[in-house]
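Participant: Note that the protein sequences, when read in sequence, are chains V and A. Going left to right, the first sequence walks through residues 1 to 304 as the numbering used here numbers them. Going left to right, the second sequence walks through residues 305 to 608 as the numbering used here numbers them.
You can take every hint at face value.
Chain V stretches covered by chain A per the calculated footprint, using a threshold of three residues with CB under 8 Å from any CB of chain A: (1) 40-48; (2) 113-119; (3) 126-133; (4) 146-152; (5) 155-164; (6) 169-175.
Pairs of lysine to aspartate or glutamate residues, derived as DMTMM-like cross-links and limited to a Cα-Cα distance of at most 20 Å, are as follows: (7) A:Lys580 to A:Asp516; (8) V:Lys175 to A:Asp420; (9) A:Lys417 to V:Asp100; (10) V:Lys113 to A:Glu421; (11) A:Lys479 to V:Glu37.
Label-pair distances were calculated between CB atoms; the ranges are: (12) A:Glu607 to V:Lys55: 56 to 62 Å; (13) V:Gln210 to A:Thr329: 25 to 31 Å; (14) A:Asn511 to V:Glu280: 44 to 50 Å; (15) V:Ala44 to A:Ser332: 36 to 42 Å.
These aren't lab readings, by the way, just hints derived from the structure by calculation. Ideal Cβ positions, reconstructed from N, Cα and C, are used throughout, including at glycine.
There are 2 protein chains.
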Amino acid sequence: MTTAAQKFKQSLAANQDAIEKGLDTLLSAEAMTGETERPASLLAAIRHGVLNGGKRFRPFLVLESTRLFDGNAEAALRVACALECIHCYSLIHDDLPAMDDDDLRRGRPTVHKAFDEATAILAGDSLLTLAFDIIADARTDLNADARLKLISALARAAGLGGMAGGQALDLQAEKTSPDEAGIVTLQAMKTGALIRFACETGAIIANTDQEDFSRLSRFGAVIGLAFQLADDLLDLKADEKTLGKATGKDTGRGKGTLVAMHGADWAEARLDALVKEAAELLAPYGEKAGILLEAARFVATREN
Amino acid sequence: MTTAAQKFKQSLAANQDAIEKGLDTLLSAEAMTGETERPASLLAAIRHGVLNGGKRFRPFLVLESTRLFDGNAEAALRVACALECIHCYSLIHDDLPAMDDDDLRRGRPTVHKAFDEATAILAGDSLLTLAFDIIADARTDLNADARLKLISALARAAGLGGMAGGQALDLQAEKTSPDEAGIVTLQAMKTGALIRFACETGAIIANTDQEDFSRLSRFGAVIGLAFQLADDLLDLKADEKTLGKATGKDTGRGKGTLVAMHGADWAEARLDALVKEAAELLAPYGEKAGILLEAARFVATREN
Numbered sequence: 001m002t003t004a005a006q007k008f009k010q011s012l013a014a015n016q017d018a019i020e021k022g023l024d025t026l027l028s029a030e031a032m033t034g035e036t037e038r039p040a041s042l043l044a045a046i047r048h049g050v051l052n053g054g055k056r057f058r059p060f061l062v063l064e065s066t067r068l069f070d071g072n073a074e075a076a077l078r079v080a081c082a083l084e085c086i087h088c089y090s091l092i093h094d095d096l097p098a099m100d101d102d103d104l105r106r107g108r109p110t111v112h113k114a115f116d117e118a119t120a121i122l123a124g125d126s127l128l129t130l131a132f133d134i135i136a137d138a139r140t141d142l143n144a145d146a147r148l149k150l151i152s153a154l155a156r157a158a159g160l161g162g163m164a165g166g167q168a169l170d171l172q173a174e175k176t177s178p179d180e181a182g183i184v185t186l187q188a189m190k191t192g193a194l195i196r197f198a199c200e201t202g203a204i205i206a207n208t209d210q211e212d213f214s215r216l217s218r219f220g221a222v223i224g225l226a227f228q229l230a231d232d233l234l235d236l237k238a239d240e241k242t243l244g245k246a247t248g249k250d251t252g253r254g255k256g257t258l259v260a261m262h263g264a265d266w267a268e269a270r271l272d273a274l275v276k277e278a279a280e281l282l283a284p285y286g287e288k289a290g291i292l293l294e295a296a297r298f299v300a301t302r303e304n
Numbered sequence: 305m306t307t308a309a310q311k312f313k314q315s316l317a318a319n320q321d322a323i324e325k326g327l328d329t330l331l332s333a334e335a336m337t338g339e340t341e342r343p344a345s346l347l348a349a350i351r352h353g354v355l356n357g358g359k360r361f362r363p364f365l366v367l368e369s370t371r372l373f374d375g376n377a378e379a380a381l382r383v384a385c386a387l388e389c390i391h392c393y394s395l396i397h398d399d400l401p402a403m404d405d406d407d408l409r410r411g412r413p414t415v416h417k418a419f420d421e422a423t424a425i426l427a428g429d430s431l432l433t434l435a436f437d438i439i440a441d442a443r444t445d446l447n448a449d450a451r452l453k454l455i456s457a458l459a460r461a462a463g464l465g466g467m468a469g470g471q472a473l474d475l476q477a478e479k480t481s482p483d484e485a486g487i488v489t490l491q492a493m494k495t496g497a498l499i500r501f502a503c504e505t506g507a508i509i510a511n512t513d514q515e516d517f518s519r520l521s522r523f524g525a526v527i528g529l530a531f532q533l534a535d536d537l538l539d540l541k542a543d544e545k546t547l548g549k550a551t552g553k554d555t556g557r558g559k560g561t562l563v564a565m566h567g568a569d570w571a572e573a574r575l576d577a578l579v580k581e582a583a584e585l586l587a588p589y590g591e592k593a594g595i596l597l598e599a600a601r602f603v604a605t606r607e608n
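Bound-form chain V, shown alone:
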């Protein structure tokens, strides 16, 4: 492992710890002061769905993109936690019987299995709402304009024109296979939008000029594309391995993807090109962007 790769792994682990602690605090009954009570069962369901040892890759991108511009680290931690609330709400709702119908996530029962469906729906709704509460709060110590920009950008990345819309396109794709442009749009919305938002946050938090914002925004899009391509490539390889003995859900996991359409060689060449583009985008920041660049390499070459 190169020194840069080691630094990246260390940073990922350190950020993961910071996020875990941040989420634990934000999702504790004591932190939630207010006039009314927080129902214990709902809070327990939320904690079950969030504090599950996830890699916290999106929050990592928030923290590192903020470091790149020497932005407010404490504010970034709150924004990173808010983003993870959105990601986790989407997983809780995705796992529901009416959606992907999954019983397990990270080896533990999904929220609707550990609690019940109604509680899982409400836990997701509450987390989605809480994300905006966290950013709007004055404890996210940024000026009002920056907080509003973050709220707008997050709402767009998560909503009808972003993640939720992408999930709806995914439901449609099960009935009618999308063409190449359709797949690109679906993936950019479903998984790309939140990853791009994560990379943009640093520029918003540090109030950079438009050029820095655009570089980070494009870097986020590039990482999102690499993330999805690598995922689809892993699925294709898994499908090839299990060919003939695949059953149920595993069958055709790699279908309806650009990788299934163009093949593994094309995907690997495309991933190389994306890592090169990431390097060009981050070039002006020199060594300071080393960890982010390594993150792009990691995403493009991961094997699980």
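Starting from the structure of chain V, add chain A where the hints point.
Facilitator: Positioned in the frame of chain V, the structure of chain A alone reads:
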């Protein structure tokens, strides 16, 4: 009907028209400009769940409380629409099989019946997200601090310590009957929080002093209490009428309420007292508050 009551009915109808048009515009594909597409089926499900001829009582309170302080009417219309998006998302999710399992709302198929469950979940999620998008947007022509205050207050009214938390308490109440304090908390969160927020918005939009804000906030709490009491009173009367022939869902609709606990006479005396308190709270604004006061009377005495 008194002149005041007529004015109230006219205002309710006029505001309903304005909200219907506002929502229709905000939920049209053309209004949703952006880099990505809005999936047609998801947008159709959202429109089905929102543009259903509701009374728009919460938005009415936003518009009238803003008029009381001569606040920005266009901004108030956007805030009112955002609030209605939250209310409608909660109805879409409430109607799901895992929650209340309702097939009809206002005589039309519920969203999961007209579309499917997955689409209904995503439609609710998208509407919830869109509410914050609408308020954060610069087209909601208020200064950044006011927009942030509205976002914070809405998130708290809708989330874990508000509406969603109240729904979780309601689920618990089906298993273990809450005591009187428990019922008060449940109702204040489940239905009270959004109504109170609606009344507070005028003070936030017009940037009033703390005293005006407190008056409107308490007025909102009073209207919320009256709304719930009147509802429970109607249920009690309906239960009495259908006693012996009630089946399934209708049985005991009035159970677990303050009205069931203390009786109809107590409820009517309490409603009178709430209307008196509303009048005292609005007294400093004289005739200007006539429509809001009439709204309190209407809520307390409605017969359906």
